[in-house]
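K.L.:
Join the two chains, each given in its own frame, into one complex according to the hints.
Next come the chains, spelled out residue by residue.
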Amino acid sequence: GQQLNQSPQSMFIQEGEDVSMNCTSSSIFNTWLWYKQEPGEGPVLLIALYKAGELTSNGRLTAQFGITRKDSFLNISASIPSDVGIYFCAGPESGYALNFGKGTSLLVTP
Amino acid sequence: SQTIHQWPATLVQPVGSPLSLECTVEGTSNPNLYWYRQAAGRGLQLLFYSVGIGQISSEVPQNLSASRPQDRQFILSSKKLLLSDSGFYLCAWSAISGGTGELFFGEGSRLTVL
Numbered sequence: 001g002q003q004l005n006q007s008p009q010s011m012f013i014q015e016g017e018d019v020s021m022n023c024t025s026s027s028i029f030n031t032w033l034w035y036k037q038e039p040g041e042g043p044v045l046l047i048a049l050y051k052a053g054e055l056t057s058n059g060r061l062t063a064q065f066g067i068t069r070k071d072s073f074l075n076i077s078a079s080i081p082s083d084v085g086i087y088f089c090a091g092p093e094s095g096y097a098l099n100f101g102k103g104t105s106l107l108v109t110p
Numbered sequence: 001s002q003t004i005h006q007w008p009a010t011l012v013q014p015v016g017s018p019l020s021l022e023c024t025v026e027g028t029s030n031p032n033l034y035w036y037r038q039a040a041g042r043g044l045q046l047l048f049y050s051v052g053i054g055q056i057s058s059e060v061p062q063n064l065s066a067s068r069p070q071d072r073q074f075i076l077s078s079k080k081l082l083l084s085d086s087g088f089y090l091c092a093w094s095a096i097s098g099g100t101g102e103l104f105f106g107e108g109s110r111l112t113v114l
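As they're listed, the protein sequences go chains L and Y.
Under my numbering, the letters of the first sequence match residues 1 to 110, in that order.
Under my numbering, the letters of the second sequence match residues 1 to 114, in that order.
One chain only, chain Y, in its complex shape (with noise of 0.2 Å):
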């Protein structure tokens, strides 16, 4: 069966200082990989997603960068966080391209930034 962990699941950062949110998917292969931000604990913003290795669509022009080195491999980054940057950030992915696929998600990460 397909799995989907991102760690870390909990970080407090300080303003200014990089980012680095990994997440990973088992028992699948080329899915779609999506990176999705939750404020207040309300409301799911697409922030990236991904239809294969170094392909990268952005939704959102921010602070925040995200990278695919292999297939099952999506990891969100930042050089320099700033305080909106603070939320909790979701991980998922899809089986199906076209817009259709159900889309299942990861536990989460929750960052702080100070």
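In isolation and in its complexed conformation, chain L is listed as follows (with noise of 0.2 Å):
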């Protein structure tokens, strides 16, 4: 299936700071899908982009979809402790399912 190649793999920054990461495909996606996954827990659905160059907020989140489809971008805006997670983009498998990136692990310090 497609690659997807998340980075930065780690993030350690202080609360207030803003936050950036991106996911990168080997091939075209009609879809990117942003997820949040806490310690112990499932992941959790942040953001669908659906289209080419779509820019799209969640609250402090904002994500957008590449113009190449081959990338996505998620950033969030002045980070709280309770940010601190892993986040995964990922996109359709051919067929039914999500493909994963390997996940951005997110700490922050108060």
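Don't read these hints as lab results, they were simulated from the structure.
Note that the coordinates shown come from a computational prediction; the quantities given were computed from them, not determined experimentally.
Think of the CB as a built atom: it goes at the ideal place given N, C-alpha and C, for glycine as much as any other residue.
Dumping the calculated DSBU-like pairs for lysine-lysine here, alpha-carbon to alpha-carbon at most 35 Å:
{"#": "1", "chain 1": "L", "residue 1": "51", "chain 2": "L", "residue 2": "70"}
{"#": "2", "chain 1": "L", "residue 1": "102", "chain 2": "Y", "residue 2": "79"}
{"#": "3", "chain 1": "L", "residue 1": "102", "chain 2": "L", "residue 2": "51"}
{"#": "4", "chain 1": "L", "residue 1": "102", "chain 2": "Y", "residue 2": "80"}
{"#": "5", "chain 1": "L", "residue 1": "102", "chain 2": "L", "residue 2": "70"}
If you want a taste of the chain Y side facing chain L, the calculated C-beta under 7 Å gives, among others:
{"#": "6", "residue": "42"}
{"#": "7", "residue": "43"}
{"#": "8", "residue": "102"}
{"#": "9", "residue": "103"}
{"#": "10", "residue": "105"}
{"#": "11", "residue": "108"}
P.N.:
Here is the structure:
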């Protein structure tokens, strides 16, 4: 299936800082999804993108569907301690399932 | 509203013992159902998916099997567990077929094989 490369692998930031992470694909996607997973829990959908160039916000989170359709970006503004977790990008695998990136681990210090 | 539950939440099993993890979805009909495994807190690997009762597709040949005896029930099983089966197992559902549907995950089941 398509490979999804997320970067950075991990981030260690101070509360109040802005965060930016991205995801690239080896092939074109029609959908980009961003999930957050907290320790010991299942991933929770944050933002869904369905159109190239689309920019969508969810509170302090903003995600963009790249024009090339091979990348997507997630930004978190004014981070807070509860933003801690692993952020995954995902796109549709051929058929019915989603293919996930390896995740960006975010740590926020007060 | 739709909900998804899976159990048990935590399981410690000896090598060679059987496994049964169960997942149920409420509030929707004819969902697509999925089992993912996550090792070492990163990377979600698709194990099985189902688009209907009795229809199971396996993505990775291994020691596990899946069954869908009812529309909103998905079961992950093994006859004999291996050490390498340890991990965090996630059930998920989607409402749209065709590969563009958003997935919604359960709480996860942590399996430790000793």
